[in-house]
Amino acid sequence: MRVTNVLMAGVGGQGIIMASDILSRLMLIAGLDVKKSEVHGMAQRGGSVTCHVRFGPHVFSPLIKQGEVDILMAFEKMEALRYLYYLRTGARVLLNDLEISPPSVCLGKESYPGGIPDLIHERGMRLLMIPGLTLARQAGNIRAANVVLLGVLSTWLDVEEGYWTEAIESSFPRRLVSINLEAFRLGRAAGIQAS
Amino acid sequence: MSESTSLRERPREILSGNEAIARGAFEAGVRVAAAYPGTPSTEILESLTQYAGVYTEWSPNEKVALEVVAGAAYAGARALAAMKHVGVNVAADPLFTLSYTGLRGGLVLISADDPELHSSQNEQDNRHYARHAKVPMLEPGDSQEAKDFVRLAFRLSEKFDTPVMVRTTTRVSHSKTAVILGEPEDVEDQRGIEKNPAKLVMLPANARRRHPIIEQRMSALAQLAETIEINRIEAGDPELGIITAGISYQYAREAFPRASILKLGMVYPLPSRMIRKFAGSVRQLMVVEELDPFLEEQIKALGIHVEGKEYISICGELNADHVERGIKKALGEPLPDIQSRPVEGLPVRPPNMCPGCPHRGLFYVLHKLKLFVAGDIGCYTMAFLPPLSAIDTCLCMGAGISHAMGMSKALGDAAQGKVVAVIGDSTFYHSGMTGLLNVAYNKGAATVIILDNSSTAMTGSQENPGTGFTLSGEPTVRADMEGLARSMGINRVRVVSPYQLSETEHVVREEIAVPEPSVIISRAPCVLLKSNRVLSGVPQSVDEDTCRGCKQCLSIGCPALEWKAEEGYTAEGKKRKGRSFINPLLCVGCDVCGQICTFGAIRRPQDSAEA
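Heads up: the sequence lines are chains S and G, in that order.
Per numbering that gives the first Met the number 0, the very first residue in the first sequence carries number 0; after that it's consecutive.
Per numbering that gives the first Met the number 0, the very first residue in the second sequence carries number 0; after that it's consecutive.
Honestly, the hints are just simulated from the structure, not real lab data.
Where is the CB? At the ideal position from N, CA and C, for every residue including glycine.
Accuracy of the hints is not assured; some may be wrong.
Said to hold, decoys possible - One side of the interface only, derived from the structure: several residues of chain G facing chain S at Cβ under 10 Å: (1) His117; (2) Glu502; (3) Glu504; (4) Gly572; (5) Lys576.
Stated by the list, open to error - Here chain G is said to cover these stretches of chain S; the calculated rule only asks that three of the stretch's residues, wherever they fall, bring their Cβ under 8 Å from a Cβ of chain G: (6) 14-26; (7) 82-93; (8) 132-140; (9) 147-154; (10) 163-171; (11) 184-192.
Claimed, not checked - Derived, one-sided and incomplete: chain S residues facing chain G with beta-carbon distance under 8 Å: (12) Thr3; (13) Met77; (14) Val158; (15) Glu160; (16) Ile178.
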């Protein structure tokens, strides 16, 4: 069994670090070695954020080598493009259907890139786009979009669903657990439907 | 129960390097810990404060933190100070002589370095401090080692009567890896008052006698380095031997799974016999280390042929790709063929001040007045970025006030009305106070603006002497900023709300015009603070019928404002090329944009609330 590499990318404030913490805790519960590392510069909100999560029998580097990402979870569409070159050919891309304008676009100086799904396909990746915010709203809170995406991810990883439930339950205060479990369930259903 | 069974049954947790350091200190029976917040070290004390029986504090600065823990260690308690790499510069004065005095209780100093400058003003390599201050240094490569090395550091500190430095880097401090927790050590309580002036009073006569003892101590530690378990040889393919430490070990192992590796857990002093033995057992010897050739130069000084910085960058953070390319180049092997290239021309997402940040209004005014702004270190340093572009220097904590002083002394009247200093509240208490005292004492004329957001915001909203709370959340006295400035001899002290633009502009204009020192306190709490909120939180909106699309509101660089190209007309029939929008998910209703819109197109918070 080799090491699996998951890269999460998005914008500060989207719950990426929480998602990577849940995934890491899950792999610990599942009995694997796991390392996760985040890169988020100085911004509390609004800056690019990436998290590397690596798990397997034994993990050395907390950072994924270029060309070795197995799964990219992009919480924002343009952020998917920014890290495409980190993916191995044939990697899976889970794309949240959401565009957040960076400052230069807000200022009307640059335009937001178009044709993102096509670019991902052209590079030989397997793409699944999910309306994360819509599903999160359905679950009861748009901030649970990160857990919706984990629900989709769960259909791509060979880990028992019960471990996922345990990892989610131990990650949130009690009052937020049911919303997040629902968000997970909706994401998982979307993942199963797509496969 | 056998040892192996009990080991397996010990709880495994996933901890960041910083959390693991705190856990290690707790397991080692630490009694006193002090720090000033600084990325990537901040979470060490935040985590440690959750353990019972440990006194923790945010000190005003790193020098104070180290002096506090030195006092605790003199009194026989185990004590820990934590700081970012540049914080050690501030604490260097006590550090170098603490090396001479030694201590009774173990003392560990954590230096969290920041290769790649993720959140720092320089990329200094603090391993040099170990050599310079003549203290041992350990360097963990993951969270398990971070925890275990801290425990070991306390034991070494007491055994060798020396402060021990533990160096992490951002990648170790902030990565989360699995850790098997240990039980708290049964440490003998040696606390008490013991006078020992020959050792603790570092006058020349005493210090002169201490110096040879320090040299003997370092020799003894170099002997220990030969056998200490954290220095180990992993024998592998003899064609390639790598000497490495810390996070670089992980990259080297990832890139070269079969290589022979000498992993150094103690990076100072070095085990010369072990290094010679290892060097003799491999064909090509490489050093893999981040930043400076600290190991490489010492190994070369042993007369050993080794390659390092010629092939592996001295700048920035390493990773497995970097190490693989560097070593393959040194070996003359073909480099890995990476075909995938980044998508070019993507708009970047630089860091920015939050929507509703109280700094934005002040810097809008400073930009408008075209002042030279001697800056400092905090969230407000981001006002350097366009469109505010209103920070002109950033050197180190506390420097801005003294820059303004020096400029005004150099330029005389030519600086009058043109230069201001800005500094945050936490930075002011850290090392701005002495600069302000100097302005008053030496008859400066600088205008100093203290951005009092009642928070050490940049590192994640820590308490400071002005917030009224301690690290553990207990209420405490609150420093009187106005009173402090007045007591130093500053006669002109004004307080403004940076959300009131015209008032702020008026006060700044008045104070820069007077030829005497003045302090303007720009006061409003950080928008991320959950308590003490002053904004309604009700999002504002742009009136579609009125907006002329003039982009004036964009000049404050608020992430909640967006301009979209869309030709059309206002209700009055004025032609426009596009118009502004406010993102209701981001806007918190500070109304800074509302005050600068000439056409009244931005609905004020009260209007929005009624709508």
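Checked hints:
no., hint, verdict
1, His117, "holds (6 Å)"
2, Glu502, "violated (27 Å)"
3, Glu504, "violated (23 Å)"
4, Gly572, "violated (23 Å)"
5, Lys576, "holds (9 Å)"
6, 14-26, "holds (count 3)"
7, 82-93, "holds (count 4)"
8, 132-140, "violated (count 0)"
9, 147-154, "violated (count 0)"
10, 163-171, "violated (count 0)"
11, 184-192, "violated (count 0)"
12, Thr3, "violated (14 Å)"
13, Met77, "holds (6 Å)"
14, Val158, "violated (15 Å)"
15, Glu160, "violated (20 Å)"
16, Ile178, "violated (18 Å)"
The structure does not agree with the numbered hints 2, 3, 4, 8, 9, 10, 11, 12, 14, 15 and 16 stated previously, though it agrees with the rest.
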